[in-house]
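**Student:** Protein chains in written order, with my numbering: chain R, 429 to 930; chain B, 5 to 291.
These aren't lab readings, by the way, just hints derived from the structure by calculation. We treat Cβ as the ideally placed atom computed from N, Cα and C, and that holds for glycine. Among the clues, some could well be false.
Said to hold, decoys possible - Think about it this way: if two alpha-carbon atoms lie no more than 30 Å apart in a straight line, the pair counts; the simulated DSS-like pairs of lysine-lysine are: (1) Lys811(R) / Lys801(R); (2) Lys801(R) / Lys118(B); (3) Lys560(R) / Lys504(R); (4) Lys504(R) / Lys586(R); (5) Lys811(R) / Lys118(B); (6) Lys504(R) / Lys801(R).
Stated by the list, open to error - Pairwise CB distance ranges, derived in the manner of DEER restraints: (7) Pro484(R) / Ser237(B): 35 to 43 Å; (8) Ala658(R) / Val268(B): 53 to 61 Å; (9) Ala800(R) / Leu93(B): 41 to 49 Å; (10) Ser282(B) / Ala657(R): 35 to 43 Å; (11) Val815(R) / Ile68(B): 51 to 59 Å; (12) Glu629(R) / Ile101(B): 42 to 50 Å; (13) Gln681(R) / Arg283(B): 32 to 40 Å; (14) Ala62(B) / Gln930(R): 49 to 57 Å; (15) Val268(B) / Ala814(R): 21 to 29 Å; (16) Ala730(R) / Arg283(B): 33 to 41 Å; (17) Val815(R) / Ser237(B): 39 to 47 Å; (18) Ser150(B) / Leu817(R): 21 to 29 Å; (19) Ala822(R) / Pro58(B): 53 to 61 Å.
Claimed, not checked - Stretches of chain B that chain R covers, calculated by requiring three or more beta carbons in the stretch to come under 8 Å of a beta carbon on chain R: (20) 151-165; (21) 237-243.
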Amino acid sequence: MFVKKRNRALGLAVPVAILIGLAGCAAEPAPVVPAEGGDLVAASPYATDSLDPHGPAGMASGTVLVAQEIFSRLVKANTSGEIVSDLAESWETNDTATEWTFALREDVVFSDGSPLTSADVVSSFNRVLELKGPVAGNFAGVTISSPDDLTVVFTSDKSEAALLGKLTVFFVTPADVTDSSFTEPVGSGPFVLDSFTPGSEVVLAPNEEYFDGAPLLDSLTFRVIPEVAARLTALQSGEVQVTWGVPDDQLPQLQSDPGLVVETVPSTSVATMWFNSSRPALSSAEVRNAIWQAVDFDTIIAALFPETGEAATSAVAENVFGFAAQSPKEYDPDAAKATLEDAGFDFSQTLQIQFSGATYRQFIQAIASDLAKIGVTAEPTEKESAVFLEDLLALNWDINFQALSTATFDAATNLGRLYPCAANRTGYCNDELDALLLEAGGTSDLEVRQEAYADAIEIIWDDAVGMYPMALKIAYASQSTVQGLDPDPSFLPEFSKVSVSQ
Amino acid sequence: MTATVTPVSVRRPTLRLWWIPLAIVIFYALVAVCGPLLLSYDPVDTPLADRLLPPGSATTSGSIAVFGTDSLGRDVFAQVVYGARTSMLIGLSTVAICCAVGVALGVLAGYFGKILDAVLGRFTDVLLAFPGIVLAIVVAGLFERSIGLVILALSLTGWISFARLARGSAVSFRSRDWVDAARVMGVSSGSIMLRHILPFVVGPVAALFTVEFGLIVLAEAGLSFLGIGLPASAVSWGQVIASGKEYLATAWWISAFPGIALAVLVLVVGLLGDQLSSRYQRGSTTR
Numbered sequence: 429m430f431v432k433k434r435n436r437a438l439g440l441a442v443p444v445a446i447l448i449g450l451a452g453c454a455a456e457p458a459p460v461v462p463a464e465g466g467d468l469v470a471a472s473p474y475a476t477d478s479l480d481p482h483g484p485a486g487m488a489s490g491t492v493l494v495a496q497e498i499f500s501r502l503v504k505a506n507t508s509g510e511i512v513s514d515l516a517e518s519w520e521t522n523d524t525a526t527e528w529t530f531a532l533r534e535d536v537v538f539s540d541g542s543p544l545t546s547a548d549v550v551s552s553f554n555r556v557l558e559l560k561g562p563v564a565g566n567f568a569g570v571t572i573s574s575p576d577d578l579t580v581v582f583t584s585d586k587s588e589a590a591l592l593g594k595l596t597v598f599f600v601t602p603a604d605v606t607d608s609s610f611t612e613p614v615g616s617g618p619f620v621l622d623s624f625t626p627g628s629e630v631v632l633a634p635n636e637e638y639f640d641g642a643p644l645l646d647s648l649t650f651r652v653i654p655e656v657a658a659r660l661t662a663l664q665s666g667e668v669q670v671t672w673g674v675p676d677d678q679l680p681q682l683q684s685d686p687g688l689v690v691e692t693v694p695s696t697s698v699a700t701m702w703f704n705s706s707r708p709a710l711s712s713a714e715v716r717n718a719i720w721q722a723v724d725f726d727t728i729i730a731a732l733f734p735e736t737g738e739a740a741t742s743a744v745a746e747n748v749f750g751f752a753a754q755s756p757k758e759y760d761p762d763a764a765k766a767t768l769e770d771a772g773f774d775f776s777q778t779l780q781i782q783f784s785g786a787t788y789r790q791f792i793q794a795i796a797s798d799l800a801k802i803g804v805t806a807e808p809t810e811k812e813s814a815v816f817l818e819d820l821l822a823l824n825w826d827i828n829f830q831a832l833s834t835a836t837f838d839a840a841t842n843l844g845r846l847y848p849c850a851a852n853r854t855g856y857c858n859d860e861l862d863a864l865l866l867e868a869g870g871t872s873d874l875e876v877r878q879e880a881y882a883d884a885i886e887i888i889w890d891d892a893v894g895m896y897p898m899a900l901k902i903a904y905a906s907q908s909t910v911q912g913l914d915p916d917p918s919f920l921p922e923f924s925k926v927s928v929s930q
Numbered sequence: 005m006t007a008t009v010t011p012v013s014v015r016r017p018t019l020r021l022w023w024i025p026l027a028i029v030i031f032y033a034l035v036a037v038c039g040p041l042l043l044s045y046d047p048v049d050t051p052l053a054d055r056l057l058p059p060g061s062a063t064t065s066g067s068i069a070v071f072g073t074d075s076l077g078r079d080v081f082a083q084v085v086y087g088a089r090t091s092m093l094i095g096l097s098t099v100a101i102c103c104a105v106g107v108a109l110g111v112l113a114g115y116f117g118k119i120l121d122a123v124l125g126r127f128t129d130v131l132l133a134f135p136g137i138v139l140a141i142v143v144a145g146l147f148e149r150s151i152g153l154v155i156l157a158l159s160l161t162g163w164i165s166f167a168r169l170a171r172g173s174a175v176s177f178r179s180r181d182w183v184d185a186a187r188v189m190g191v192s193s194g195s196i197m198l199r200h201i202l203p204f205v206v207g208p209v210a211a212l213f214t215v216e217f218g219l220i221v222l223a224e225a226g227l228s229f230l231g232i233g234l235p236a237s238a239v240s241w242g243q244v245i246a247s248g249k250e251y252l253a254t255a256w257w258i259s260a261f262p263g264i265a266l267a268v269l270v271l272v273v274g275l276l277g278d279q280l281s282s283r284y285q286r287g288s289t290t291r
């Protein structure tokens, strides 16, 4: 599954040799190098502004990244996208997925020594709902109750087939937390907070009480280095040991460094370029398909994202539940131009391609260049993220670019949420698609859901609600002394099993 | 008088090379005017097969990329030439607007004095309290991107120095004998300002013009570097430098050539400004 590039032979040999030499001098006989201990500094691409996982920053990557080390969840997603047990030992649901029952582990204690019970889970969940932050948006209409100390039950009027995935962003805190508790948070995760400078650095120490065994590291630091060049220099100089989200053009520089290990892992993100179907020019599926056909995505991906991109075959990523492969759109500018002419497309208009952030600027410029070749004027329009979001929701765009990820690993999050007529996010409306999405979201029968999503994706793909040109991978780069790092497909690696050899 | 003679004799060695900055500025102007006529460049066209070629490489279209190509395969040399036009256009327009507005207000305030002078003085004090570039970022960030917007944003505070200079000169000239004589003869205020004061303001203003021009070119590059103001279709040195900043270790030429072009222009314009201001200051002290 992983595409690995390892240059570690030399990098490992040197530290191992030194360690064996040191071990000879040490009092304790330790012939085999133990993969324990060490201080790890991770250069995070995201700033952590708050440690409150229930509040307004609850879905921000910077907060979730640290929250998953300090707090525990009922369930979490492993790196291949499967939902696995965390605080919950087991769970079950009824046929219509309106009631979910979770049995908690018995032996869990918070870092202050108090036991974690269902009362803490209930109270945390209610706090999420009360704060009405971004996390609460996942749980509209869901209520929680606890029949006993080790059981919690979620109930909802409508079917919540994807609840498990949504619970991966729900963190359990002690029942008595207030907004001010998060300067010294108490959690049940693998680490406890040592120091926190909002927006720049978080230092964590191992939690010896952690139910899954204390982590190996002596300390874990997340340091924010927003500038890519500075981040990579810090990695090469040894100031930090791990970073991720490295752009393609910077990878060769890291791969040629014998002290570093670079690997890429498929993410849940798909480059998604919706057409605004409510614009008369883009209302017909022929026109939208023709524009898709006019762009040589294979060449663009090969030139700009040789390592971290590949042609997408579906509207969701391959590791997301509901994925169904579609036949790729052939690049054919002549046919595209003929179709547009037949459809009476107005070549004098300018289509704006809106996007935010510099990562995909070149990608979008290259697309505009291909469209210009068949006479379609497309103008890449970069917006501040706040303005971008406002215009996105107001359908104030012709073509829109997002790298859309699926944090819950379930197609319900993106397809079920964004594509129904009622959501009105793309200007596209299709009753048949609505019915399929409703069916998929209304049952806990996995086969029925899988089939319904496959049919839904086929409609979305064939009608070209958007262009889905590229599935994205994430490049992780670490010093070769770092052991046990499992690259995470949603940009949020965990460090409880990681160690640094000296 | 001896005090004014000494600096002249000290300055003599530099005077022999006085024409160099002027020649370079004229060269830039020629490139800005004629370069785009000789060299075609389409910022939309992105020949990806040619990306990140070092200076002097042959591209797939058969031409030689003298300054190399950028991360989308576009010719850096063409971008430097087209960027010169953008910089010159914005620099000249902005300084012309600043100069016209500033000198007009300054002469009026200086000649009439009293309330007009006080109001203008306090107003410029308030404007000066904001750093010019911050004000420009706010204005340029608020509206739809265009060249006109950048000129407006940079003009907002640029006129102040012209106004102060013109006011100062007008205040000192309005009580001179020939102005009094004109007034006694019944010449109108407008004509006095136009014919008896303005001609003496022109010299120092010309010196300030060049200094401000350099600062405006730099400020425009700064705005473009931050991705504010200019539309994506306009080629600007600041934009090119910013687009190459992630490639400094692997493709230095993207940022280096427009950076050198910008640095040299600002430097020579500054030297030219120094020459002009020392000439006119000398002129005013001997008078």
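**Student:** Confirm or reject each hint.
**Tutor:** Results for each hint:
1. Distance restraint check for lysine 811(R) and lysine 801(R): the Cα-Cα separation of roughly 25 Å lies within the 30 Å cut-off, and the hinted pair is therefore satisfied.
2. Between lysine 801(R) and lysine 118(B) the alpha-carbon distance is near 64 Å, which puts this suggested pair outside the 30 Å criterion.
3. Taking the CA atoms of lysine 560(R) and lysine 504(R), the gap is about 22 Å. The hint holds against a cut of 30 Å.
4. Proposed proximity of lysine 504(R) and lysine 586(R) is supported: the alpha carbons are some 23 Å apart, at most 30 Å.
5. Between the alpha carbons of lysine 811(R) and lysine 118(B) the distance comes to roughly 48 Å, so the proposed pair goes past 30 Å and is violated.
6. Pair hint lysine 504(R) plus lysine 801(R) does not hold up; C-alpha atoms about 47 Å apart against a cutoff of 30 Å.
7. The hinted window of 35 to 43 Å between proline 484(R) and serine 237(B) holds, with their beta carbons roughly 38 Å apart.
8. Distance hint check for alanine 658(R) and valine 268(B): the Cβ-Cβ separation is about 28 Å, which falls outside the suggested range of 53 to 61 Å.
9. In this structure the supplied range 41 to 49 Å is violated for alanine 800(R) paired with leucine 93(B), their Cβ-Cβ distance being about 24 Å.
10. Range check, serine 282(B) to alanine 657(R): about 42 Å between beta-carbon atoms, so the 35 to 43 Å window is met.
11. The supplied range of 51 to 59 Å is broken by valine 815(R) and isoleucine 68(B), whose beta-carbon atoms lie about 42 Å from each other.
12. In this structure, glutamate 629(R) and isoleucine 101(B) meet the distance hint of 42 to 50 Å, their C-beta atoms being roughly 47 Å apart.
13. Evaluation of the 32 to 40 Å hint for glutamine 681(R) and arginine 283(B) yields a failure: the beta carbon distance comes to about 51 Å.
14. With their beta carbons about 50 Å apart, alanine 62(B) and glutamine 930(R) fall inside the hinted range of 49 to 57 Å.
15. Hint check: valine 268(B) to alanine 814(R), Cβ distance near 39 Å, so the stated range 21 to 29 Å is violated.
16. Range check, alanine 730(R) to arginine 283(B): about 60 Å between beta-carbon atoms, so the 33 to 41 Å window is missed.
17. For the pair valine 815(R) and serine 237(B), the supplied restraint of 39 to 47 Å is violated, since their beta-carbon distance comes to about 20 Å.
18. Between serine 150(B) and leucine 817(R), the C-beta spacing of about 24 Å keeps the proposed range 21 to 29 Å intact.
19. In this structure the hint that alanine 822(R) and proline 58(B) lie 53 to 61 Å apart at CB is violated, the actual value being about 45 Å.
20. Look at the region 151-165 of chain B against chain R: 0 of its residues bring a Cβ nearer than 8 Å to a Cβ of that chain, fewer than three, so the hint is violated.
21. Under the rule that three or more residues need a Cβ within less than 8 Å of chain R, the assignment of the region 237-243 of chain B is violated, with 1 such residues.
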